[in-house]
Amino acid sequence: MAVSYFNEMFDGGRVRAPYARLEDWVAAMPPEFRTMKQEEAEALFRRIGITFAVYGEGGDPDRLIPFDMFPRVFTQSEWRRLEKGIKQRARALNAFLVDVYGRGEIVKAGRIPQHLVYGNEAYEKAVAGFTPPKGVYSHIVGIDIVRTGPDDFYVLEDNCRTPSGVSYMLENREIMMRMFPTLFRENRIEPIDSYSEVLRRTLASVAPKKCDHEPTVVILTPGHFNSAYYEHSFLADLMGVELVEAIDLFVEAGFVWMRTTEGPRKVDVIYRRIDDAFLDPLCFRPDSMLGVPGLMDVYRSGGVTIASAPGAGVADDKAVYTFVPEMVRFYLGEEPILQNVPTWQCGRSEDLKYVLDHLPELVVKEVHGSGGYGMLVGPKASKEQIEAFRDKLASDPAGYIAQPTLALSTTPTFVEEGVAPRHVDLRPYCLVGEQIELVPGGLTRVALTEGSLVVNSSQGGGVKDTWVLAE
Amino acid sequence: MILTVSHVTTYHYAAPVRGAVQSLRLTPSRTDGQRTASWMLQVEGGTKGGSFRDGAGDWIESWSVRGPISELRVRVEGTVETTDMAGILRGHREHVSPSAYLRETEATVADTALLTLARDAADGASGGLDLAHRLSTAVSERIAYRPGVTEAHTTAAEALALGEGVCQDHAHALIAMARAQGLPARYASGYLFADASGAPHEAAHAWAEVWVDGLGWIGFDPANRCCPDDRYIRLGSGLDARDAAPIRGVAVGAATESLNVEVAVRAQQQ
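Order-wise, the sequence lines are chains A and B.
Numbering-wise (my numbering), the first sequence opens with residue 412 and increments by one.
Numbering-wise (my numbering), the second sequence opens with residue 23 and increments by one.
Everything labelled a hint here was simulated from the structure, so no lab data went into it.
Computed from a predicted structure; not experimentally measured.
Among the hints, a few may not be true.
[Unchecked claim] Simulated DEER-style distance windows between Cβ atoms:
#: 1; chain 1: A; residue 1: Gly674; chain 2: B; residue 2: Asp54; range: 31 to 39 angstroms
#: 2; chain 1: A; residue 1: Gln796; chain 2: B; residue 2: Ala166; range: 33 to 41 angstroms
#: 3; chain 1: A; residue 1: Gln846; chain 2: B; residue 2: Asp54; range: 42 to 50 angstroms
#: 4; chain 1: B; residue 1: Glu66; chain 2: A; residue 2: Gly674; range: 36 to 44 angstroms
#: 5; chain 1: B; residue 1: Ala277; chain 2: A; residue 2: Ile797; range: 51 to 59 angstroms
#: 6; chain 1: B; residue 1: Arg40; chain 2: A; residue 2: Arg599; range: 56 to 64 angstroms
#: 7; chain 1: A; residue 1: Gly460; chain 2: B; residue 2: Thr138; range: 55 to 63 angstroms
#: 8; chain 1: B; residue 1: Thr134; chain 2: A; residue 2: Glu453; range: 52 to 60 angstroms
#: 9; chain 1: B; residue 1: Tyr167; chain 2: A; residue 2: Glu845; range: 55 to 63 angstroms
[Said to hold, decoys possible] One-sided excerpt, in silico: chain B residues whose CB lies under 7 angstroms from chain A:
#: 10; residue: Val43
#: 11; residue: Ser45
#: 12; residue: Gly67
#: 13; residue: Thr69
#: 14; residue: Gly71
#: 15; residue: Trp81
#: 16; residue: His117
#: 17; residue: Ser121
The beta carbon of each residue, even a glycine, is placed where N, CA and C say it ideally should be.
Using the sequences and the hints given, assemble the complete structure.
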């Protein structure tokens, strides 16, 4: 099957403007120098200890994710449009969450099926009727975006709970700057190092009403055995806030307190990196040893802010995803700037029929799956794999969605033989508090295997520095 | 009726614990069928934390106790004026959509036996209200009231297989069957004035509520083959017994604990 892929550097034989200087950079780089730099990068990544599985997709926790030194570049005007689209989506997702835990107007209006919302496993009845400070449920929205043409961007999925990977965005930049300082003098690249300050400000801006002083923000981690622990401690360091485990917190007199050597200190905002189910054994799973007993009562009585808010997951379900453009129209009265990938809900019989008839062309994913596991990429799959999926779809149709196989754009990537195009995606991190902010950049994942469209690190993906050029 | 409640729950710890935190759903619901004249809720030696009305309309109070303690006592006393509303939960403000009560929980999974019983009972039903009544009757007929054979973790399916159980089991079975028939259903906890003697019961009471379009939430008490009337005081609800528990608590460092509950519900002469 001859599919043409949009190459972000080469348009026909011509180099696209944002990559102009990089052409000379690569051309002037001797192979030994490149190898040396690649080894240097790897040593740096090992030294800082960033080896966790990106996006919590499992795999060997000590494995280093391959770093590709060839940056991915956006122009200022490309980025402006992306930024508008991302912020629009983040606003709509939060409006949806406030609505479905409040009056449920979008359901009453028949714009989204009731069972997809209230029957959703991620719908937390316990927070219905409660509106978090500033009406924000998802404070860090990670939106996965792919590109198929100069002006064609599609959203693959939304991550409204605790999207990970931002430490890669920051470290990739740090290491590139250290290794290639001249590149950063020759190109005018928008800085991203304000991320931690913007994150801190965002979290402080959603402190509860009861907080009448400079808010105390903490990061709540499941602990050092968690695959993203590095990122938790990295962000705590950068923000200058405490990294705590549940055992360090307790609840008394309507507030959450942190044990410190100087005695208990009141906590106002908890950036949690643990799932809802493990937050509080008095509200969710009673067998959880990770949680803080009584936390949800403090939260619901306005004594502390939890970011992301418990229950935020109902907005980023793969079945709810289909309705995000509808949310943009319903709540904002605007047309979506970023497009959704057309999606077939296999739980609907007419959709299922289409999917079964077109399996070799489609990508099929589990509704609750992640990390690129358990998915079928039709055009790349064997007959046996396709037949196996036919059976899976027959036994649990509602557990799957299908999408057309997207012609993911490529960017130049260092490979064994030199430089070659490889497919990429993008995850920017949108911060939502009193204001909505987005640092100019994100995490670019790259499928290092030739021809592969799966960028997940568990499936052989790597990461790149992502540049937005200043005007 | 004017009902007076005295409810004391005592936890004894084999070894002193470092502290305890509790989330209490122990305050009467605000409905047209019950008016609270007085109500006192206290954890002895404890500090009151946040309190709020949740999306299901329940009043929740949070308490914590600093240790070491070897005993913890939750004391409830109050008087409620009740009216017979024929089981209908009227005037109760809540934000949770009824369809959020269609999901299964561990305790309310409908196995083949529950599904069959529900289907047989539903045969020929004329509308939601009739269906709910038929399901409740089926539960009453198939699960005999008998204390001591089931425990807190017994599921609806297990209780039906045993053919015996207490109010919690009856409620779970009815909830499982109603949901299987597409009716939102939930667990309600509270008190029941059982007999004029006012003798203390060993536990509080529980029943099920089923959503019927056009009428709203309606209580069914298969254990007593009736709908809740003015002998009942409603405290709160949830997807199952655990979710609706009047007391959810954690003691820090508890090895073994034993529980003693005394409930007395008396009717005042009017």
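For the hint on His117 (chain B), just tell me whether its beta-carbon gets within less than 7 angstroms of chain A.
Where the cut-off is 7 angstroms and the nearest Cβ of chain A is about 3 angstroms from His117 (chain B), the hint holds.
Status of the Trp81 (chain B) interface restraint (C-beta, 7 angstroms, chain A)
Violated, because the Cβ-Cβ distance from Trp81 (chain B) to chain A comes to roughly 11 angstroms (cut-off 7 angstroms).
Okay, Arg40 (chain B) versus Arg599 (chain A) on CB: inside 56 to 64 angstroms?
The hinted range 56 to 64 angstroms holds for Arg40 (chain B) and Arg599 (chain A), with Cβ atoms some 58 angstroms apart.
Does the nearest C-beta of chain A fall within a distance shorter than 7 angstroms of the C-beta of Val43 (chain B)?
With a minimum Cβ separation of about 4 angstroms from chain A (threshold 7 angstroms), the hint on Val43 (chain B) holds.
Given the range 55 to 63 angstroms, decide if the beta-carbon distance of Gly460 (chain A) to Thr138 (chain B) lies inside it.
Between Gly460 (chain A) and Thr138 (chain B), where Cβ atoms are some 58 angstroms apart, the hint holds.
Check the following: the C-beta atoms of Gly674 (chain A) and Asp54 (chain B) are separated by a distance inside 31 to 39 angstroms.
Since the Cβ atoms of Gly674 (chain A) and Asp54 (chain B) sit about 49 angstroms apart, the hinted range of 31 to 39 angstroms is violated.
Would the hint on Gly67 (chain B) stand, with a C-beta cut-off of 7 angstroms toward chain A?
13 angstroms, violated
So, as I understand it, the hint says Thr69 (chain B) touches chain A; can you test that by seeing if any CB pair is closer than 7 angstroms?
5 angstroms, holds
Taking 36 to 44 angstroms as the stated bounds, is the beta-carbon spacing between Glu66 (chain B) and Gly674 (chain A) within them?
26 angstroms, violated
May I ask you to test the hint 55 to 63 angstroms on the CB atoms belonging to Tyr167 (chain B) and Glu845 (chain A)?
Because 57 angstroms falls inside the window, the suggested range holds.
Hint check for Ile797 (chain A) and Ala277 (chain B) - Cβ pair distance inside 51 to 59 angstroms
56 angstroms, holds
A closest beta-carbon separation below 7 angstroms is what the hint needs, so does Gly71 (chain B) meet it against chain A?
With Cβ-Cβ at 4 angstroms, under 7 angstroms, it holds.
Of the numbered hints stated above, those contradicted by the structure are hints 1, 2, 4, 12 and 15, listed in ascending order.
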